[in-house]
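Let chain A serve as the given structure and place chain B on it in line with the hints.
Protein chains in written order, with the numbering used here: chain A, 1 to 175; chain B, 176 to 628.
For the record, the hints were derived by calculation from the structure and aren't laboratory data. One should not assume that every hint holds.
Cβ-to-Cβ under 7 Å is the rule here; a few derived chain A residues that face chain B [claimed, not checked]: (1) Leu64; (2) Pro95; (3) Leu107; (4) Pro129; (5) Asp139; (6) Gln156.
Anything over 12 Å on all C-beta distances counts as not near chain A; from chain B, calculated [claimed, not checked]: (7) Val178; (8) Val184; (9) Tyr228; (10) Arg309; (11) Ala313; (12) Phe360; (13) Ile370; (14) Trp426; (15) Pro573; (16) Ala613.
Taking lysine to any residue and the SDA-like style, the derived pairs with C-alpha atoms no more than 25 Å apart in a straight line are [said to hold, decoys possible]: (17) B:Lys191 <-> A:Asp17; (18) A:Lys89 <-> A:Thr67; (19) B:Lys279 <-> B:Tyr504; (20) A:Lys51 <-> B:Ala419; (21) A:Lys51 <-> B:Ile354; (22) B:Lys210 <-> B:Phe607; (23) B:Lys245 <-> A:Gly87; (24) A:Lys89 <-> B:Ala419; (25) B:Lys245 <-> B:Met471; (26) B:Lys620 <-> A:Phe75; (27) B:Lys279 <-> A:Asp45; (28) A:Lys89 <-> B:Tyr323; (29) A:Lys26 <-> A:Lys162; (30) B:Lys279 <-> A:Pro56; (31) A:Lys171 <-> A:Ser149; (32) A:Lys163 <-> A:Glu175; (33) B:Lys387 <-> A:Val120; (34) A:Lys26 <-> A:Val47; (35) B:Lys372 <-> A:Asp133; (36) B:Lys387 <-> A:Gly29; (37) A:Lys5 <-> A:Lys26; (38) B:Lys605 <-> B:Phe593; (39) A:Lys162 <-> A:Val120; (40) A:Lys171 <-> B:Gly381.
We put the CB at the ideal spot given by N, CA and C, even for glycine.
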Amino acid sequence: MEKGKNYILGIYSDEDDLLHGLADVKGAGVKIQDVFSPFPVHGIDDVLGYKKSRLPIAAFIFGLCGTSFALWMQFWMSGYDWPMNIGGKPYTPLPTFIPVTFEMTVLIASLGMVATFMIVSNLKPYGEPRIFDLRSTDDKHVVAIDLASNKMSFDQISELLKKAGASEVLKKDFE
Amino acid sequence: MHVVSPERVPLVRGGKTVHDVTEDICRQVEGKPSKLWYLAFSISLSLLAFGSYCIFMTWWHGLGMWGLNKTVGWAWDITNFVWWVGIGHAGTLISAILLLFRQKWRTSINRAAEAMTIFAVLCAGMFILMHMGRTWVAYWTIPLPNTYGSLWVNFKSPLVWDVFAISTYLTVSLVFWYIGLIPDFATIRDRAVGIRKTIYGALSFGWIGSAKHWSRYESVSLILAGLSTPLVLSIHTIVSMDFATSVIPGWHTTIFPPYFVAGAIFSGFAMVLTLMIVVRKVYNLEDYITIEHIEMMNIIIIVTGSIVGIAYITELFIAWYSGVEYEMYAFANRVSGPYWWAYWSMMTCNVISPQLFWIKRIRTSIVATFILSIVVNIGMWFERFVIIVTSLHRDYIPSSWAMFYPTLYDVGDYIFSFGFFFTCFFLFAKYFPVINMAEVKAIIKTSSLKVKK
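With the rest of the complex left out, here is chain A (with noise of 0.2 Å):
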């Protein structure tokens, strides 16, 4: 049996059963290789041993650069490259290029963050998914396990996911 070909599916229609199933099947030793919702699950990152997301972190650091070009812009601009005179004023008022700096911090650091998520969740427009069950986008939790990758058989796993309260049991080959 090859990586990433032939799957076991345990089909869950409620949120909370699929927390407690998923902790009852990690429990018996089974290796999970994804779980297909919906809509988000509280709790399932803690079931699954997923780490917080970094993309706040990425989120900062991008915010850090959108403050700092939009700074570096402004004072550059109006203080070195082309000084102008307008009523007096000083050339490089801090307090005023605020409202800018501001805004390019907000617009770094969001378009920042969201290209970063389509990146490492490998989201794109083109490309065919590899959708496990339709139903996962309408209703139903979709627990996928790689059978290469665990030692039990399919028929063990199959019963330990109908003990743990899956509705229903399927197997999926990929080419």
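Just chain B now, with coordinates in the frame of chain A:
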């Protein structure tokens, strides 16, 4: 003593299951539009067509087509700009501020409200471009290297801040809205066949709802909400500074930023109500957008309407208290000058009529809410008209006093923005899921009628 808090009213009615949500929302995307939709769409297209003619004439002949004169240099153009930007604020408030406050009732209205935000900001931007006269040189407001030096833009001017503010606002709102749409497009994709599957497949960015993706999605939404909250407050603050940093009596006031932001939220919620009352009726979404949703929004209207009322009165008081002759005259002229009718329409529509929502029967009545929501937006248009035109039309020297009379092209360009707004909104309501399915599904278990029983 043992106190039990009253049970909350369910947010989703009618014993809906998660699958029902998919069915109810996808139905209008997948089915043929109703006759009512075609009727409404053709009306908005004809407004758009008439407006396009007027805009073409304005561009072809220049701003002389408008009723502006040497004294009143800003009139309907900037009135419409401020009005549309203000309307946009409600969408961001619902999707960002209510998300941070964990208000679950926002889930069934945030999608349409954010769409409204984007279309309203586009309409607002349109008037900025129009009022420049030579729209084709609009890019001069952006600090781009040029052959004049480079001669840069004046970063000390609030008008330049506005360029940054409005374009950031549009971009961030669009991104926030689209991130929310991705999972719902995936739902539609997985039900579709043929060309529709290809289109919604591309729109859904290959979303599969993996747990890791949802986790990232949630942190992206939270951070975007955290960024949008100060952003939305900054937008109308900066718009108000376009006026407040000038030395025109009636404009030169420090109260403007909070007063403008409250007014923006006030008019935005009114527009959300106008649109949502129609959408829930046409698409049979009464189980999702319930009377409680409408009541909540009406409560926000009372709060912001009262803030606006206090701001009006404070303005009058400060004009008198300042002892500045010009300032006092500007306000006396507003209240009793030749534009008294505009001032009193504004006062009636914005301060008096929303107070009717204190009565529970009125704020839970669909008909009353619908009428009052339109009244509020009429009042808010007059507010901007009063601020702009009555402050300008009596210049310092009486020989420069003038009145402003709108021409067909002032009206026509305003009609264009309506045509554009409604055309976009109807297309959105047909091809996009009008309710955020994923977010509503997430609250089905905790907040629907099915569980409460």
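Item to check | Indices of hints not satisfied (ascending) | outcome: The structure conflicts with hints 1, 2, 6, 12, 16, 19, 20, 25, 26, 32, 39, although it agrees with all the remaining ones.
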